[in-house]
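A.B. asks: For reference, the chains in residue letters:
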Amino acid sequence: MEGGASDVVKEFIGLGAGSVVFLIVLGFLGGLISGFIGSGGAFVLTPGMMSLGVPATVAVASNMCHKFPKALVGAYKRHKFGQVDVKLGVIMGLSATAGVQIGIEVQKLILNAWGEAGSNLYVSLAFVAILSVIGVFMLIDSRRARKSESGEKISGLARKMQSINLPPMIKLKNGGSISLWITIPIGLGTGLLAATIAVGGFVGVPGMIYILGMSSLLASGSELVIAFIMGMAGTVTWGLGGFVDIRMVLLILAGSLFGVQVGAIGTTYVKDYMVKLVMALVMVIVCVSRALVLPNYLNDLGMITVSAGTRSVLETTSFVVMCFALAVGGAIILGNMWLRKRALARVPLEEAKARLLPLKIEESKDRL
Amino acid sequence: MGKAKDSPAARKRRARALKRAFLWGVVSLAIYLAVFLNQDIVTRYFTKGGVFAIVIIVTALAVSLVHGSFANYTIELSGIQPYQDGKHQEGGH
Chain R
1 MEGGASDVVK EFIGLGAGSV VFLIVLGFLG GLISGFIGSG GAFVLTPGMM SLGVPATVAV
61 ASNMCHKFPK ALVGAYKRHK FGQVDVKLGV IMGLSATAGV QIGIEVQKLI LNAWGEAGSN
121 LYVSLAFVAI LSVIGVFMLI DSRRARKSES GEKISGLARK MQSINLPPMI KLKNGGSISL
181 WITIPIGLGT GLLAATIAVG GFVGVPGMIY ILGMSSLLAS GSELVIAFIM GMAGTVTWGL
241 GGFVDIRMVL LILAGSLFGV QVGAIGTTYV KDYMVKLVMA LVMVIVCVSR ALVLPNYLND
301 LGMITVSAGT RSVLETTSFV VMCFALAVGG AIILGNMWLR KRALARVPLE EAKARLLPLK
361 IEESKDRL
Chain P
1001 MGKAKDSPAA RKRRARALKR AFLWGVVSLA IYLAVFLNQD IVTRYFTKGG VFAIVIIVTA
1061 LAVSLVHGSF ANYTIELSGI QPYQDGKHQE GGH
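Going down the list, the protein sequences come from chains R and P. According to the working numbering, the stretch in the first sequence is residues 1 to 368, in order. According to the working numbering, the stretch in the second sequence is residues 1001 to 1093, in order.
FYI, nobody ran anything at the bench for these hints, they're computed from the structure. Incorrect hints may appear among the rest.
[As the list claims (entries may be wrong)] Computed list of lysine-lysine pairs in DSSO-like fashion (alpha-carbon distance at most 27 Å, straight line):
#1 K80/R / K160/R
#2 K1048/P / K341/R
#3 K108/R / K1048/P
#4 K271/R / K160/R
#5 K1019/P / K341/R
#6 K341/R / K87/R
#7 K80/R / K1012/P
#8 K153/R / K171/R
#9 K80/R / K1019/P
Using the sequences plus the hints, can you model the full thing?
C.D. replies: This is the structure we're talking about:
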């Protein structure tokens, strides 16, 4: 998906009113999710652009180009809320950039060995394998954290990792320290996944939570720094080849720069476990979406037979389910914000009542 | 909450946000119009590759500043504010 492909056609489609609105709305929802969970908004943009007739390489390149300015704005906003470990984000961003290059080489190897069908199958299998395991785990953990009175707890694995004293050590923003050598595999994995399925944060954020011992809010905020560095490096690579369609980038940014800031503000309305819950739900639904198209790729490799009609149904359903993942994430984020705002609007009345009570007691004493 | 909204400080903040949203909005609109009214030329140059990759980066960063600021003040005017320490934070940027 995100590999160098100088032999692929470069085509820049005409954009009608429908396409413009579609890209802006998609950008807003993707930005909303990214601002809230640190990543995850980009996965639907590449297939979204491709559904408009954009070639895969132009879609991937344009998606990458929109990602880094969106991540910059989101990281800035969340940094003001104290939810970003900039130092760790920069360090992991560098190893993630290396991971992207490794991922691109892996993609090229698979493309050369098994062609486009093999590459598509590899990408979809990666989606299903990684997202199903991590997504279900996070779903269970978020429910546990919600029920627990003490909320989020640092995992046993993270405690062990933090106890390893292998210099150089990096001080974490929420306390503790971690060896640089432990952050590197997580960064590499983030970049590898970004190069494979376009969303590195599905490994990066859980890695920071469960291996490094960061809180969900801090991990998701810091992921935006990693996304910024990866996105900028990737844009340079694609830009050198002339694959970025700046018009689509600007249309997506028109919506995503709103969405990412609203999503960032949304994190101040919720407890830590909600970030895990939204991320887990998005991952599980996207996993289902990608599993739906596995038969098509197996058919392309000649392993099974799928009729043209079935193929079309599976592809359309997969895309709809992917959009549903965005919609679910957006609904939870905006719904929680709306509920909290309503609760806040009631507070002054209750506070006023509470203040009136002592006055009434005093008046009663005077009358006695 | 009604009283806080009508306070002189709140009115001043809203007026400032409105002014800034308008100014950044005008610049953002100018950028978008410049690109889309000349999309053939823009697409031709931005996809030349090579050194034009820098132009892409600079454009994306410029839009993030301009349109991001417009979005920030518009969101503030809409009443969506961060919630911290048990209360809404006025001037959420």
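A.B. asks: Which constraints among the numbered hints does this structure fail? Numbers only, ascending.
C.D. replies: Of the numbered hints given earlier, those the structure breaks are 1, 2 and 6, listed in rising order.
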